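Next come the chains, spelled out residue by residue.
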Amino acid sequence: AQTVTQSQPEMSVQEAETVTLSCTYDTSESDYYLFWYKQPPSRQMILVIRQEAYKQQNATENRFSVNFQKAAKSFSLKISDSQLGDAAMYFCAYRSDYKLSFGAGTTVTVRA
Amino acid sequence: ETGVTQTPRHLVMGMTNKKSLKCEQHLGHNAMYWYKQSAKKPLELMFVYNFKEQTENNSVPSRFSPECPNSSHLFLHLHTLQPEDSALYLCASSQGQVSPGANVLTFGAGSRLTVL
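Residue numbers (the working numbering), protein chains in the order written: chain C, 27 to 138; chain V, 800 to 915.
Quick caveat, the hints were computed from the structure, so don't treat them as lab data.
Please note that a few of the clues may not be correct.
Stated by the list, open to error - Taking beta-carbon pairs under 7 Å as the criterion, some of the chain C residues facing chain V (in silico):
id, residue
1, Tyr59
2, Arg69
3, Gln70
4, Met71
5, Arg121
6, Phe128
7, Gly129
8, Ala130
In this text, all values refer to a predicted model and were calculated from it rather than measured experimentally.
Yeah, the Cβ is synthetic: ideal placement off N, Cα and C, and Gly gets one too.
The following block holds chain V by itself, in its conformation from the complex:
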């Protein structure tokens, strides 16, 4: 474990389901990130939270809804997804977004999502 834990590791859902991905870090970091990793494509930044405030929404469809109740927890709520949303969703954390330590991200192992 690197200090960033993601659950579940695998998730299969239908297009009408509602599910959530969870990310938890105990590194004392203040910035948390969601990335989408699809095969043969660069990692896509989805959302950034800095001290619980959303600072980046990279034009993500509204069927993805992030929630950051505190600096240690980050959720990604999923509803009415499409098959093309199937991917590995990676959570990461770093020191506060404007600090030099923000340059080093610690990643979780990802949640593999399959949308049927």
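Isolated chain C, as found in the complex:
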């Protein structure tokens, strides 16, 4: 079974600053997908960004970018120019063989 580990239960960032969330995963597969999902207080899980394992280029979506290190099995999320609306729980997820596994989540607090 694949496991996804998020070692930071909580992170706090000043508005307009940058925060990086860590994620590591365990797999023997070579072809898979990685995701970051955001869950605000409204509870709606929203896809933030995704990365295909066969692509070496790191994915970016506006203020969100990832640092994908395949050999290290690491997939961190960087939130730049943090905004109050970024406050949420962030989940790292791994998908292979049509199964999606999630980490335990990191709660991000944004200080005004």
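Chain V: place on chain C using the hints.
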């Protein structure tokens, strides 16, 4: 609304009650999922349906009974639950499970279940 609607949003039930959670999607997706979200734990996949057929049952106790009458609707029937079953139950949908689009799940807002 993201296209996946879950009802009810909140549910309180006793251990002897029978209730159901409902999930509905109008995105044209063919795969639907139930996840359980407990505090401080990773989301746990419970069931997967692909084109109305159950393709995954992740060792879920029989007191949880899923039903998928069509690709747009998914139910989770609950009976004789335990207090430890209290959690947020999330429904999600995606394109057919073997298609590339299956990688992107669209989630509902969840049903918060409390078992007394």
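Task: Numbers of the earlier hints that this structure fails to satisfy, in rising order - done: Hints that this structure does not satisfy do not exist here, as all of them hold.
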